[in-house]
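S.K.: With these hints in hand, go ahead and build the complete structure from the sequences.
If you're matching them up, the sequences are chains Y and A in order. Residue 1291 is where the first sequence ends in the numbering used here, and the numbering goes up by one at each step. Residue 388 is where the second sequence ends in the numbering used here, and the numbering goes up by one at each step.
If you are wondering where the hints come from, they were derived from the structure by calculation, not from laboratory data. For each residue, glycine too, the CB sits at the ideal point set by N, CA and C. Don't take every hint at face value.
[To be verified] With a straight-line Cα cutoff of 25 angstroms, these simulated DMTMM-like cross-link-like pairs (lysine to aspartate or glutamate) come out:
# : chain 1 : residue 1 : chain 2 : residue 2
1 : Y       : Lys923    : Y       : Glu1153
2 : Y       : Lys787    : A       : Glu268
3 : A       : Lys382    : Y       : Glu788
4 : A       : Lys283    : A       : Glu268
5 : Y       : Lys923    : Y       : Glu1203
6 : A       : Lys283    : Y       : Glu1153
[As the list claims (entries may be wrong)] Covered by chain A, according to a simulated footprint, are these stretches of chain Y (three or more residues, beta-carbon under 8 angstroms):
# : region
7 : 1040–1050
8 : 1059–1073
9 : 1241–1254
[Unchecked claim] Simulated DEER-style distance windows between Cβ atoms:
#  : chain 1 : residue 1 : chain 2 : residue 2 : range
10 : Y       : Gly822    : A       : Met273    : 47 to 55 angstroms
11 : A       : Ile146    : Y       : Val786    : 32 to 40 angstroms
12 : Y       : Leu780    : A       : Pro335    : 47 to 55 angstroms
13 : Y       : Glu816    : A       : Met85     : 42 to 50 angstroms
14 : Y       : Pro1114   : A       : Gly207    : 33 to 41 angstroms
15 : A       : Arg177    : Y       : Arg1046   : 29 to 37 angstroms
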Amino acid sequence: MSTTGASMSDTAARPLDLPAVVKECGLTALVMFALAVGMVAFYTEDVPGGLEIATRFGAVVAVTLLGFFGRLAIVLLREGRPFPVLVVALPFTVLMLVALLSLNFFDAETAETLKNYLPVGDVVVNWIVVIMAGVFTLRAFWALRHTGASAKTVVDREKAMDNFAARVQRASRFIGPLLLGIAVVFPLLAFFPDSPFVPKVDRRLLDIAILVVTYVMLGWGLNIVVGLAGLLDLGYVAFYAVGAYSYALLATHYDLGFWVCLPFAGLMAATAGIILGFPVLRLRGDYLAIVTLGFGEMIRVILLNWYEFTNGPDGISGIPRPTFFGLPFSRSASDGGETFHGFFGLTYSPIDRIIFMYYVILALALITNLFTLRIRKLPIGRAWEALREDEIACRSLGMNPRNTKLTAFSIGAMFGGFAGSFFATRQGFISPESFTFVESAVILAVVVLGGFGSQIGVVLAAIILIGLPEFFRELQQYRMLAFGAAMVLIMIWRPSGLLAHREPTIRLWRERDGGPPEKTQAAEESA
Amino acid sequence: MAYFVEQLINGLTLGAIYGLIAIGYTMVYGIIGMINFAHGEIFMIGSFICLLSLMVLGLLGITWVPLALLLTLIIAMILTSMYGWTLERIAYRPLRGSPRLAALITAIGMSIFLQNYVQILQGARVRPMQPLISGGFEIMQSGDYIVSLSYLRLFIWVLTLVLMVAFTLIITRTALGRAQRACEQDRGMAALIGINVDKTISLTFVMGAALASVAGMMFLLSYGVIDFFIGFLAGIKAFTAAVLGGIGSLPGAMLGGLLIGLIEAFWSGYFTVEYKDVAAFAILVLVLIFRPTGLLGKPDIEKV
Chain Y
765 MSTTGASMSD TAARPLDLPA VVKECGLTAL VMFALAVGMV AFYTEDVPGG LEIATRFGAV
825 VAVTLLGFFG RLAIVLLREG RPFPVLVVAL PFTVLMLVAL LSLNFFDAET AETLKNYLPV
885 GDVVVNWIVV IMAGVFTLRA FWALRHTGAS AKTVVDREKA MDNFAARVQR ASRFIGPLLL
945 GIAVVFPLLA FFPDSPFVPK VDRRLLDIAI LVVTYVMLGW GLNIVVGLAG LLDLGYVAFY
1005 AVGAYSYALL ATHYDLGFWV CLPFAGLMAA TAGIILGFPV LRLRGDYLAI VTLGFGEMIR
1065 VILLNWYEFT NGPDGISGIP RPTFFGLPFS RSASDGGETF HGFFGLTYSP IDRIIFMYYV
1125 ILALALITNL FTLRIRKLPI GRAWEALRED EIACRSLGMN PRNTKLTAFS IGAMFGGFAG
1185 SFFATRQGFI SPESFTFVES AVILAVVVLG GFGSQIGVVL AAIILIGLPE FFRELQQYRM
1245 LAFGAAMVLI MIWRPSGLLA HREPTIRLWR ERDGGPPEKT QAAEESA
Chain A
85 MAYFVEQLIN GLTLGAIYGL IAIGYTMVYG IIGMINFAHG EIFMIGSFIC LLSLMVLGLL
145 GITWVPLALL LTLIIAMILT SMYGWTLERI AYRPLRGSPR LAALITAIGM SIFLQNYVQI
205 LQGARVRPMQ PLISGGFEIM QSGDYIVSLS YLRLFIWVLT LVLMVAFTLI ITRTALGRAQ
265 RACEQDRGMA ALIGINVDKT ISLTFVMGAA LASVAGMMFL LSYGVIDFFI GFLAGIKAFT
325 AAVLGGIGSL PGAMLGGLLI GLIEAFWSGY FTVEYKDVAA FAILVLVLIF RPTGLLGKPD
385 IEKV
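M.R.: So this is what it looks like as structure tokens:
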């Protein structure tokens, strides 16, 4: 890894140490082979009366070869010999791409036979191989074009990424309102289903949009805890669950409406946050993470087993939908009252309710965002950020770290609770199944991918992580796999998150006054 | 009394499994100071490799149980430790020296990745297996209630004991063990006196994974069903065991494992089975609040 920092012109002159290269690639191939023998080579199939073993030796060979040639490409690039890589990788990429794309033009049967000639059985895996080969091609091409230019060091890359993130953050002044405008206008397009000038917006798209905005809200809520206060909370879904169950239980037992219960659900979640947070918030970062995970699981187990109260694994159904100032969105009101379409003299259409739901969650999410943006400027928000940077320094300045953390924890929990009660009213049915650790991990992935503390990053991450897999159903199986891989890669590539950039909250000199540039820069770096 | 003895036997068996996994957590924490959240997944992979290996061996005609078990043990230890090694090499080594939370998030990502990797490759459904070791002998009888100690339990205890002795010898008597303890105390200093720190850390992961694969085999043999999700709960409980015993302390991990196993067995025996996981989590929280260093751990001082 350290050799990537060396300049290309130095390494290019060095003769290739062939036995060493072969040894390195061979070792990689051996490791890949061993990994594949363990998990890929054999698998079990259910047959009547037990299990039967089945084999995939072809995949093992493919994985081993991929390991060998992939490592070879990396070594050659590192040693400053991009040309052979380009010669092999480019035709390979093109051929595979053509083969994969052409699969779509054949009927199902021919495509099935053609698939047998691909190196790996699964289409998605083939795509991964193509993308890998494509990356190698691009890297080789880049290296050929820029011979003599020194490769970027880790520090350079970090600086470049930070500049990019800063630019995005500055641009978010424009991107933000633009995205907001799109978000507000887009459901209205559903009213023009037949117009050729308007993109088609149907119920499915609206459902996906609602899901994405829900995760944006959850991401913003968790961002208060993780991004601002620096507390890694792996049990955020617990508060989501508290909010959802508060609303569901109040609504089904006491016949209360959504808008009455919403503040109450938030309050319940915030209280849960205080109760859970109080004993554990003095723990150090990674311990805190594990304990919050434990709490999340505990709440789920309790929901699952406290049958009299929560109806256990059967969940709660028949949760009422929200009303528009008391006007329900149903075809006819149950007690002979007025309905939404009746009151406004519209014809009944089921999509009205979906659009209304969309605006409800959008409004909730925007409140979360506005709240976060404002509270960052208040003393409490600054205290959170200071605590994230250095707890010991804060304590020596007379701050009470526990109370400060507790406010962040409970406010984050409150927004989780709001989102939870919206989830309950949207689904109409909740069960403990919806509140597993995986859900917490997904919300965390949204925050991590976007960049801790970056509001616009959360939106982009939610669109990519939640929206995209909904469109590509065949990728559904690989969704969580990609989540895990993305979390690892981003942490390796940029541990502060993709779009993380920290502007100093206070400057000694205003930017337009100039001020000593070296000093502000130094302050930024130390931040 | 008979019921008590039965729960004791159950608890000790469960505790042996947790203890073997907990050693992996505690060793990694001791040497690089991170919570290897994906360790539970390594355990799960180990138990899948055991299942596959037993079935393949059966297909090859090796049906004499002791031989099949021995071969499976060796195969599983080797192949699973490759996963441990690769995990460290790919995901953790580039992050050495970065903030603790970054390492923890990577570990969570790796855990999610491995879970789904196994789900895609081996299927999402529960995999059952016929019991390999059956029979046992009676040790107690009160009224109609017979407490028997199965050979399987005995096998698990003996295997755990043998592994613990071997492992203790490796840590205390060999050059590798000395290198490892040196890295634990001060990595920079260890590197200066010529210890290959990278290699030592890699070997720590390899050893942890090998022990986890043995635990995976024990789990497979004693429960008879595995799926891709078993690593999550087992991992958290083993981590609880490591914290209870004092994270970073090897005898502590085994002690903590046994205690967690016993608590879980008695809790489900005398109270409710449903809340046994809550009991484990509650212990984790209580230990961290009242005695963060665990039973046998050294205090951890944070310097400015």
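S.K.: Quick check on a hinted range of 42 to 50 angstroms for Y/Glu816 and A/Met85, using CB atoms only.
M.R.: The hinted range 42 to 50 angstroms holds for Y/Glu816 and A/Met85, with Cβ atoms some 45 angstroms apart.
S.K.: Does the structure keep A/Lys382 and Y/Glu788 at a Cα separation of 25 angstroms or less?
M.R.: 41 angstroms, violated
S.K.: Taking 25 angstroms as the top limit, are the C-alpha atoms of Y/Lys787 and A/Glu268 close enough?
M.R.: Given pair Y/Lys787, A/Glu268 is violated - Cα atoms ~31 angstroms apart, limit 25 angstroms.
S.K.: For the region 1059–1073 of chain Y, do three or more residues have a beta carbon lying closer than 8 angstroms to a beta carbon of chain A?
M.R.: holds (count 7)
S.K.: Determine whether the Cβ-Cβ distance between A/Arg177 and Y/Arg1046 falls within the hinted range of 29 to 37 angstroms.
M.R.: Given a distance of about 32 angstroms, which is inside 29 to 37 angstroms, the answer is holds.
S.K.: Are the Cα positions of Y/Lys923 and Y/Glu1153 separated by 25 angstroms at most?
M.R.: 20 angstroms, holds
S.K.: Y/Lys923 and Y/Glu1203: Cα distance at most 25 angstroms?
M.R.: Status violated; Cα separation ~33 angstroms.
S.K.: The hint says 33 to 41 angstroms between Y/Pro1114 and A/Gly207; measuring C-beta to C-beta, is that right?
M.R.: 38 angstroms, holds
S.K.: Between Y/Leu780 and A/Pro335, is the Cβ distance one that fits in 47 to 55 angstroms?
M.R.: Because 51 angstroms falls inside the window, the suggested range holds.
S.K.: Please check whether the region 1040–1050 of chain Y has three or more residues whose CB lies within less than 8 angstroms of a CB on chain A.
M.R.: holds (count 6)
S.K.: A/Lys283 and A/Glu268 were given as a pair; does the straight-line alpha-carbon distance stay at or below 25 angstroms?
M.R.: Status holds; Cα separation ~13 angstroms.
S.K.: Taking only the CA atoms, is the gap from A/Lys283 to Y/Glu1153 under or equal to 25 angstroms?
M.R.: 33 angstroms, violated
Consistency note: the structure conflicts with the earlier hints numbered 2, 3, 5, 6.
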